[in-house]
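Please model the complete structure; the sequences and the hints are all you need to start from.
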Amino acid sequence: MSCPHATTTTIAWLYGEADEAHALHVADCAACTAVAEEHEQVMSVVVPVLPRGKAPELPEAPAWRSPTWWAAGVLLAASALLALRIGTAPVSVSVPEPTSTATTVAALEVEPASVWSGELEAELDDLDASIDALAADFGTL
Amino acid sequence: MDTEEPLQAVAKLDARIARHRAEVLGFLSRRAPVVAEELAQEVWLKVARAAPECSTDAKFRAYAFAVARRVLIDHHRRCRARVQLVPIAGGLETGRSSDDPHSSACAGQTLLAVEACLAKMPAPQAEVFRLRTTTELSFKEIAARQGVSLNTALGRMHTATRKLREALAAAGLTDSTPATRGRR
Ligand SMILES: [Zn+2]
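Chains A and B, in that order, give the protein sequences.
Counted from 1, the first sequence has number 52 at position 52 by this note's numbering; the numbering is strictly sequential.
Counted from 1, the second sequence has number 65 at position 65 by this note's numbering; the numbering is strictly sequential.
Hint data in this document are derived by calculation from the structure and do not stem from the laboratory.
Don't be surprised by glycine CBs; every beta carbon is placed ideally from N, CA and C.
Incorrect hints may appear among the rest.
[What the hints assert, rightly or not] Simulated crosslink set (BS3-like; lysine-lysine; CA at most 27 angstroms straight-line):
{"no.": "1", "chain 1": "B", "residue 1": "K12", "chain 2": "B", "residue 2": "K46"}
{"no.": "2", "chain 1": "B", "residue 1": "K140", "chain 2": "A", "residue 2": "K54"}
{"no.": "3", "chain 1": "A", "residue 1": "K54", "chain 2": "B", "residue 2": "K120"}
{"no.": "4", "chain 1": "A", "residue 1": "K54", "chain 2": "B", "residue 2": "K46"}
[What the hints assert, rightly or not] Simulated DEER-style distance windows between Cβ atoms:
{"no.": "5", "chain 1": "B", "residue 1": "V34", "chain 2": "A", "residue 2": "P4", "range": "34 to 40 angstroms"}
{"no.": "6", "chain 1": "B", "residue 1": "E37", "chain 2": "A", "residue 2": "A31", "range": "30 to 36 angstroms"}
{"no.": "7", "chain 1": "B", "residue 1": "A18", "chain 2": "A", "residue 2": "K54", "range": "42 to 48 angstroms"}
{"no.": "8", "chain 1": "B", "residue 1": "L45", "chain 2": "A", "residue 2": "D28", "range": "18 to 24 angstroms"}
Below you can see the structure in the form of structure tokens.
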């Protein structure tokens with residue numbers, strides 16, 4: 001009695017980390033049913049007595065990996081490219097102040113689109129407007 | 001569109017649920033008496049949502065029990081650390097919450113057996129078990145933390161659980177009632 005899922009997908013499914021549809025396989029497979037029984041039995045006895053643990057701290061991501069810095073880098077690169085396209089010196093742009101990594105990551109998790117559709121697009125719009133104004137100035141010279 | 005077929009499927013599912021309702025409730029009542037009704041609702045909700053295509057009634061029954069076990073594991077994890085134990089010289093003692101001396105003594109005995117078994121395991125194996133059962137970390141996060149593949153972390157959980165079951169059985173701490181798997 002063996003099944004390749006008994007030590008992988010079935011374990012993940014039992015803890016809510018696999019597709020619900022895997023239940024059909026478990027129902028049909030003696031090895032996986034035995035594993036499900038085993039886990040339920042152990043959990044029922046062990047979990048109530050094990051003290052609640054605290055998730056260990058993961059090392060903080062280095063500052064250069066902060067999404068704000070990343071967005072700032074993209075913005076500067078975009079400004080350089082746009083400047084090159086119209087043959088002027090790079091236009092200076094203001095970039096958002098880097099915030100703490102944790103705050104930025106949390107904000108990204110809740111609303112991943114906010115950096116792109118919000119600040120970054122506004123900055124790019126401003127940049128385009130500045131470039132258009134500069135281009136117009138060059139035209140009048 | 002033929003509406004006869006879906007209606008028939010719903011009626012069939014209803015009939016099957018009705019047929020196994022009492023049996024599943026009985027199973028849940030033995031494992032979690034206080035919340036059995038609530039858990040049964042959860043089981044049937046999951047079953048109704050999935051509307052599994054089981055060719056036979058026996059398969060449907062096995063399916064319902066598989067879901068019931070998953071719901072029970074979720075329940076055990078939600079209720080973790082009901083009895084808080086603190087180490088004292090020469091053993092363990094309940095720190096709070098349980099007024100029943102028998103249950104406190106059992107909990108202390110169980111915790112000693114569990115800790116002894118975890119201490120004998122390779123550290124990464126015991127770590128996967130501890131992290132998955134006492135924190136909110138997922139297997140994926142635990143695997144990343146240990147620098148191993150997801151399947152390795154899952155395998156470690158499996159082996160740790162198996163060893164714990166053997167240790168608990170040897171100490172006479174597990175329920176020895178016959179298995180309730182899907183057979184008639
Ligand atoms: Zn299987």
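Hints, one by one, checked against the model:
The hinted pair formed by K12 (chain B) and K46 (chain B) meets the criterion: a straight-line CA distance of about 16 angstroms does not exceed 27 angstroms. Taking the CA atoms of K140 (chain B) and K54 (chain A), the gap is about 17 angstroms. The hint holds against a cut of 27 angstroms. For the given pair, K54 (chain A) sits about 22 angstroms from K120 (chain B) by alpha-carbon distance, which is consistent with the 27 angstroms threshold. Between K54 (chain A) and K46 (chain B) the CA atoms are separated by roughly 30 angstroms; this puts the pair beyond 27 angstroms, and the hint is violated.
Checked against the hint of 34 to 40 angstroms, the C-beta distance between V34 (chain B) and P4 (chain A) comes to roughly 37 angstroms, which is consistent with it. For E37 (chain B) and A31 (chain A), the hinted distance range of 30 to 36 angstroms is satisfied, since their beta carbons lie about 31 angstroms from each other. Range check, A18 (chain B) to K54 (chain A): Cβ separation about 45 angstroms, and the 42 to 48 angstroms hint holds. The hint said 18 to 24 angstroms for the Cβ distance between L45 (chain B) and D28 (chain A), and at roughly 22 angstroms that hint holds.
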